[in-house]
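Each chain, letter by letter, is given below.
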Amino acid sequence: MLRIPCPWCGVRDEVEFRYRGDATRARPAADGGEAAFTAYVYARENPLGWHLEWWLHVGGCRRLLKLERHTLTHEIRWSGAPEAHPSRRETGV
Amino acid sequence: MRTTSGRYSLWRLLREGFNGQRGWSHAWAKATPRPRYRVVIVGGGGHGLATAFYLATRHGITDVAVLERGPIGLGNVGRNTTIVRSNYFQPPNVRFYEFSLKLWESLERTLNFNAMVSQRGTLNLFHTEAQRDLFTRRANLMRLEGVDAEALSRAQVKALVPLVDLDNGRYPVLGGFLQPRGGTVRHDAVAWGFARAAADAGVDIVEHCAVTGIRRDGARVTGVETARGFIAADTVCLAVAGHSSELARLAGIVLPIETHVLQAFVTEGLKPLIDVVLTYGAGHFYINQSDKGGLVFGGAIDGYNTYAQRGTLPMVEEVTAAAVTLLPALARVRVLRQWGGVMDMSMDGSPIISKTALAGLVLNGGWCYGGFKAIPAGGFTTAHLIAHGTPHPVAAHLDLGRFAAGRTIDERGVGPFPWLH
Numbered sequence: 061m062l063r064i065p066c067p068w069c070g071v072r073d074e075v076e077f078r079y080r081g082d083a084t085r086a087r088p089a090a091d092g093g094e095a096a097f098t099a100y101v102y103a104r105e106n107p108l109g110w111h112l113e114w115w116l117h118v119g120g121c122r123r124l125l126k127l128e129r130h131t132l133t134h135e136i137r138w139s140g141a142p143e144a145h146p147s148r149r150e151t152g153v
Numbered sequence: 296m297r298t299t300s301g302r303y304s305l306w307r308l309l310r311e312g313f314n315g316q317r318g319w320s321h322a323w324a325k326a327t328p329r330p331r332y333r334v335v336i337v338g339g340g341g342h343g344l345a346t347a348f349y350l351a352t353r354h355g356i357t358d359v360a361v362l363e364r365g366p367i368g369l370g371n372v373g374r375n376t377t378i379v380r381s382n383y384f385q386p387p388n389v390r391f392y393e394f395s396l397k398l399w400e401s402l403e404r405t406l407n408f409n410a411m412v413s414q415r416g417t418l419n420l421f422h423t424e425a426q427r428d429l430f431t432r433r434a435n436l437m438r439l440e441g442v443d444a445e446a447l448s449r450a451q452v453k454a455l456v457p458l459v460d461l462d463n464g465r466y467p468v469l470g471g472f473l474q475p476r477g478g479t480v481r482h483d484a485v486a487w488g489f490a491r492a493a494a495d496a497g498v499d500i501v502e503h504c505a506v507t508g509i510r511r512d513g514a515r516v517t518g519v520e521t522a523r524g525f526i527a528a529d530t531v532c533l534a535v536a537g538h539s540s541e542l543a544r545l546a547g548i549v550l551p552i553e554t555h556v557l558q559a560f561v562t563e564g565l566k567p568l569i570d571v572v573l574t575y576g577a578g579h580f581y582i583n584q585s586d587k588g589g590l591v592f593g594g595a596i597d598g599y600n601t602y603a604q605r606g607t608l609p610m611v612e613e614v615t616a617a618a619v620t621l622l623p624a625l626a627r628v629r630v631l632r633q634w635g636g637v638m639d640m641s642m643d644g645s646p647i648i649s650k651t652a653l654a655g656l657v658l659n660g661g662w663c664y665g666g667f668k669a670i671p672a673g674g675f676t677t678a679h680l681i682a683h684g685t686p687h688p689v690a691a692h693l694d695l696g697r698f699a700a701g702r703t704i705d706e707r708g709v710g711p712f713p714w715l716h
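Protein chains in written order, with my numbering: chain A, 61 to 153; chain B, 296 to 716.
Bear in mind the hints are in silico, worked out from the structure with no lab data behind them.
Now the in silico label distances, taken between C-beta atoms and shown as ranges: (1) 87(A) - 566(B): 52 to 62 Å; (2) 84(A) - 683(B): 37 to 47 Å; (3) 428(B) - 98(A): 33 to 43 Å; (4) 454(B) - 143(A): 58 to 68 Å; (5) 116(A) - 627(B): 35 to 45 Å; (6) 136(A) - 302(B): 51 to 61 Å; (7) 118(A) - 513(B): 44 to 54 Å; (8) 142(A) - 515(B): 34 to 44 Å; (9) 92(A) - 454(B): 52 to 62 Å; (10) 432(B) - 73(A): 35 to 45 Å; (11) 712(B) - 136(A): 15 to 25 Å; (12) 627(B) - 87(A): 46 to 56 Å.
By construction, the Cβ of each residue, glycine as well, lies at the ideal position given by its N, Cα and C atoms.
When you get a sec, could you build the whole thing from the sequences and use the hints?
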């Protein structure tokens with residue numbers, strides 16, 4: 061069972077959340093071209109290691125949050141609001 | 296100097312019985328890698344071994360090495376729930392998996408190895424009228440492709456599996472959809488059988504040889520760096536489902552794949568209870584009984600990217616809740632073992648057998664839930680792709696180009712969200 065630190069609700073059980081995938085993908089500009097959109101929709105780094113990902117707190121505040129989690133140990137080292145980034149520690153939990 | 300294990304037969308069994316069992320040798324030789332091969336297959340799981348076997352026996356390419364990080368048989372080929380079937384919805388999937396099922400039907404003769412292929416039937420239950428219509432449509436699509444599929448009434452379901460609680464309070468069973476030719480295969484025997492047959496045909500099977508790099512010359516692959524030194528190759532095939540992204544990254548390629556864990560469970564041995572493969576339609580749960588008597592069952596993926604070959608408890612709860620809803624008699628059965636295997640979940644839920652952007656690098660991966668049942672067809676069509684440079688017709692739709700071209704094969708119709716497939 062993951063214990064996920066929601067930036068607004070505090071630490072809660074994994075069953076309250078819904079996974080929403082890789083949070084490192086940035087939508088290309090509208091004229092970014094087919095290759096950029098294909099990569100945006102389909103290509104995933106899928107690292108064995110630290111992974112920045114979206115989680116939705118459906119059973120709580122219903123807000124989307126970002127989580128930095130290790131894909132082998134499941135350790136969580138950072139969580140923050142959608143606009144935050146782990147390199148800037150301002151909203152770290 | 297190669298050694299072969301000789302042909303297995305009733306006559307051989309009798310002869311060895313009178314000979315103190317002294318005439319048996321190892322089923323396959325543990326090879327020391329040579330400095331170059333025509334084809335290097337990374338991954339000694341079901342698909343890697345099957346690819347090597349079909350390369351050697353159907354295309355005459357025996358200058359092949361299979362490199363396995365650990366021992367043969369400890370990856371996903373030994374971690375699944377052993378089910379084989381071809382009851383798909385999308386016609387190209389039906390054709391591909393039916394091709395595989397036909398290969399399973401003659402596999403034991405092909406390999407000269409008892410893989411305990413048991414066509415006991417796969418029964419999918421439905422619990423709503425909408426689901427009945429969907430399954431009927433799926434069965435009709437299968438029959439149009441010449442594949443067996445039958446609709447069963449509640450009474451027929453009860454006759455086939457008396458243990459099912461048809462009137463359970465949560466999701467009463469309205470009927471079922473049976474593929475009589477579906478069933479199970481002894482998964483370890485598949486690994487051993489393909490390894491032995493490939494080695495007999497001249498393939499080098501190299502265990503404990505992790506690949507740490509993929510070397511290239513411009514846009515062409517030239518070989519692999521391994522724990523046991525550099526091995527040159529004209530063609531490198533990745534058959535490492537679960538870790539495809541990590542291996543492809545060594546070649547600078549980003550794949551449309553995420554890695555997720557799928558759990559499986561085995562109970563204590565019981566007298567014969569369930570003689571089909573049974574799936575629950577109101578949740579993700581499937582069960583069959585092994586020949587030893589243990590009930591083998593599994594559910595959905597845990598739902599987030601992970602490379603950890605272990606499952607977590609929320610999915611254990613969900614799977615066991617489904618088990619007890621459908622088969623209340625299981626409430627008092629003890630689970631002996633539980634384990635997890637990590638899989639490539641592709642962005643459309645369908646596998647990938649394809650050339651890549653790097654010439655000479657071939658990918659067999661993205662197997663999602665379906666890797667085991669696809670082993671013969673996956674190996675057969677990957678070998679064809681390596682030998683001829685063009686895809687086998689039955690697997691041509693599984694190329695990497697389908698994502699950019701908008702030809703995705705989305706069996707569940709959920710879009711590019713691997714954790715939902």
